[in-house]
Amino acid sequence: MLSTGQLQQLFSGAWITIQVTAYSAVIGTLIALVGGVASLSGSRLLRWFTRVYVEIFRGVSAIILLFWVYFTLPQLFGIFLTPLQAGMLALGTNMGAYGSEIARGAIQAIPKGQTEAAIAINLSPFHRLRHVVLPQAVVLMLPPFGNLLIEVMKASALVSLIDLSDLTERAQNLRTLRAATSLEIFTAVLVLYFLISASITLGVRALERRFGRGLDVGGGLGGAVK
Amino acid sequence: MATRENEPTSDGESAGGRPSPERPMVRFDSVTKAFGDNVVLDGLDFEVAAGEKLVIIGPSGSGKTTILRVLMTLERPDSGMIEVGGEHLYHEERGGKLVKASEKHVRRVRGKISMVFQHFFLFPHKTVLENITLGPVKALGVPKDEARERACKLLELVGMEGKHDQYPASLSGGQKQRVAIARALAMQPKVMLFDEVTSALDPELVGEVLGVLRDLALNTDMTMLLVTHEMGFAKEIGDRVVMFDNGRVVEEGPPRQMFSQPREARTRSFLDAVLDHE
Ligand SMILES: Nc1ncnc2c1ncn2[C@@H]1O[C@H](COP(=O)(O)OP(=O)(O)OP(=O)(O)O)[C@@H](O)[C@H]1O
Ligand SMILES: [Mg+2]
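First to last, the protein sequences are chains X and E.
Residue 0 is where the first sequence starts when you use numbering that gives the first Met the number 0, and the numbers rise one by one after that.
Residue 0 is where the second sequence starts when you use numbering that gives the first Met the number 0, and the numbers rise one by one after that.
Just so you know, these hints were derived from the structure itself, not from any lab.
A few of these clues could be false.
Listing some non-contacts, in silico: residues in chain E with all C-beta distances to chain X over 12 Å [as the list claims (entries may be wrong)]:
1. E74
2. A100
3. E102
4. E129
5. S169
6. R247
7. R262
8. D275
Pairs of lysine-lysine residues, derived as DSS-like cross-links and limited to a Cα-Cα distance of at most 27 Å, are as follows [unchecked claim]:
9. K152/E to K99/E
10. K96/E to K162/E
11. K99/E to K111/X
12. K99/E to K111/E
13. K111/X to K111/E
14. K111/E to K96/E
15. K111/X to K189/E
16. K162/E to K103/E
17. K143/E to K162/E
18. K152/E to K162/E
19. K111/X to K103/E
20. K99/E to K189/E
What the simulated footprint calls covered on chain E by chain X, stretch by stretch (three residues with Cβ under 8 Å from a Cβ of chain X suffice, anywhere in the stretch; the number is not a length) [said to hold, decoys possible]:
21. 45-51
22. 118-128
23. 181-190
24. 265-274
Backbone N, C-alpha and C define an ideal beta-carbon position, used for all residues, glycine too.
Between the sequences and the hints, there should be enough to build the whole structure, so can you do that?
Below, the structure is given as structure tokens:
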């Protein structure tokens with residue numbers, strides 16, 4: 000059996016994993032929303048810029064991005080990031096690229112009549128987005144965002160490669176110290192990862208209910224079109 | 000909302016179908032709009048007097064909806080000018096010259112207009128009350144409490160009191176449309192546009208919406224442009240009927256004359272087809 004001390008090590012590793020995931024999610028979501036809106040903007044420059052961003056950050060593997068941020072930024076620009084900062088920056092920008100595409104699709108799925116009704120009550124373009132289009136689009140974004148977030152959580156194991164003591168790193172540590180059997184260690188790790196992803200799923204469900212009020216969640220936007 | 004001194008539609012002057020000599024509330028000046036090769040508005044000229052209830056009729060595809068959409072700035076005309084309340088909608092004067100209006104100018108003039116759609120387009124994620132207060136709070140800067148109070152009065156006006164906290168999905172079509180009318184009224188527009196607002200309703204729900212429109216037409220001095228196929232209703236509340244076809248005015252006149260003795264053959268055949276249908 001794992002000793003209390005060993006369990007504690009795993010827990011503190013799990014906490015790092017949660018932190019990396021959460022911070023990456025915040026950065027990724029912000030980029031996704033801005034990117035989704037910008038990719039549909041009237042400005043060709045903005046659209047072009049988002050396109051390039053999405054293609055680059057989707058195309059580069061997360062691990063290369065992480066190494067680049069952690070090892071190259073200091074050399075190129077003298078910017079030194081802690082492993083945690085590097086991790087959330089790499090994973091966040093990566094998630095933002097995928098998320099932009101999700102956000103764009105969701106915004107486009109909102110019926111045009113919604114924007115037209117918002118113009119008929121003379122809302123500014125910002126208010127149309129903020130109060131009419133985005134609240135409905137977010138409901139469509141949530142399920143794919145939940146999947147994306149779980150991917151990010153799993154990818155966060157990469158930070159163990161830049162010496163951040165996340166859950167994976169702790170497990171490796173315990174194993175090399177032969178403090179417990181691999182079976183025990185990795186079963187515990189598996190359970191912990193599962194608990195984190197299950198919480199993400201539950202959290203996203205709760206958000207869906209919160210933002211889905213009045214909307215026919217699951218069956219599309221019943222009330223919007225009818 | 001001012002009330003017209005309980006004097007039914009017999010404003011002697013406007014019954015003749017001509018806008019009053021003072022400045023028109025809405026003026027189209029050679030407005031052209033094409034979708035690709037399809038010329039929908041073809042150098043359209045027409046005026047609507049302040050307070051006038053104008054009924055627009057015409058066959059499907061004749062451009063009725065497009066007229067309202069161009070006026071609501073949902074569709075930009077290719078050429079020509081539109082004035083609302085004596086101000087250009089798509090143009091503004093700068094340095095003595097008439098130039099393309101800024102977004103800010105368009106928004107200010109657009110504030111005089113609101114529109115009710117065939118398919119309601121209520122905001123499904125907002126309650127009935129929130130649907131109505133959104134515009135006043137965000138676009139007019141009315142304090143929330145005041146906006147709520149006014150929304151309640153409007154809901155009473157359209158016979159929807161007690162439904163404040165429901166979401167649109169739980170309402171019938173007729174109820175949705177009445178909320179949509181209240182939402183437009185909350186903007187206190189000078190001009191209201193109604194695009195076939197009863198066409199998407201089950202027959203038994205048409206009456207309740209027409210009732211609300213009748214009240215508005217007879218008791219307010221708002222300028223109203225109504226596209227409708229409800230000829231009986233048009234006869235009752237219209238000051239003037241305009242018949243459109245191919246993006247041009249075919250014929251216009253007071254409802255009694257238009258419906259009983261239209262001059263143009265095209266109006267006659269259109270009316271025959273519609274009235275047959277009823
Ligand atoms: N966004 C658009 N893109 C292309 N064509 C359009 C568009 N909107 C309208 N049209 C075309 O313009 C013409 C006039 O359309 P409009 O909707 O104004 O007619 P309408 O008189 O309101 O007809 P209905 O009685 O069927 O509502 C039609 O031929 C229609 O196909
Ligand atoms: Mg139409």
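Now the hints, each set against the structure:
1. E74: E74/E is in fact no farther than 12 Å from some Cβ atom of chain X, at 10 Å.
2. A100: The claim stands: A100/E keeps its Cβ more than 12 Å from every Cβ of chain X (closest is about 15 Å).
3. E102: violated, 8 Å
4. E129: violated, 9 Å
5. S169: Non-interface label fails for S169/E: nearest chain X Cβ at 9 Å, not farther than 12 Å.
6. R247: Since the minimum Cβ distance to chain X is about 25 Å, R247/E lies beyond 12 Å and the statement holds.
7. R262: Non-interface label on R262/E holds, nearest chain X Cβ at 35 Å vs cutoff 12 Å.
8. D275: Given a closest Cβ separation of 30 Å, the condition holds.
9. K152/E to K99/E: violated, 39 Å
10. K96/E to K162/E: violated, 50 Å
11. K99/E to K111/X: Roughly 25 Å separates the two Cα atoms, so the pair holds.
12. K99/E to K111/E: Measuring from Cα to Cα gives roughly 19 Å; hence the hint holds.
13. K111/X to K111/E: Holds, because 22 Å separates the two Cα atoms, which is no more than 27 Å.
14. K111/E to K96/E: holds, 24 Å
15. K111/X to K189/E: holds, 25 Å
16. K162/E to K103/E: Status violated; Cα separation ~35 Å.
17. K143/E to K162/E: holds, 18 Å
18. K152/E to K162/E: Judged against 27 Å, a Cα distance of about 12 Å means the pair holds.
19. K111/X to K103/E: holds, 22 Å
20. K99/E to K189/E: holds, 23 Å
21. 45-51: With 0 residues in contact (Cβ-Cβ under 8 Å with chain X), the coverage given for the segment 45-51 of chain E is violated.
22. 118-128: Coverage by chain X holds for the segment 118-128 of chain E (8 residues, Cβ < 8 Å).
23. 181-190: Coverage by chain X holds for the segment 181-190 of chain E (4 residues, Cβ < 8 Å).
24. 265-274: violated (count 0)
Violated hints, listed in ascending order, are 1, 3, 4, 5, 9, 10, 16, 21, 24; each of the other numbered hints is respected by the structure.
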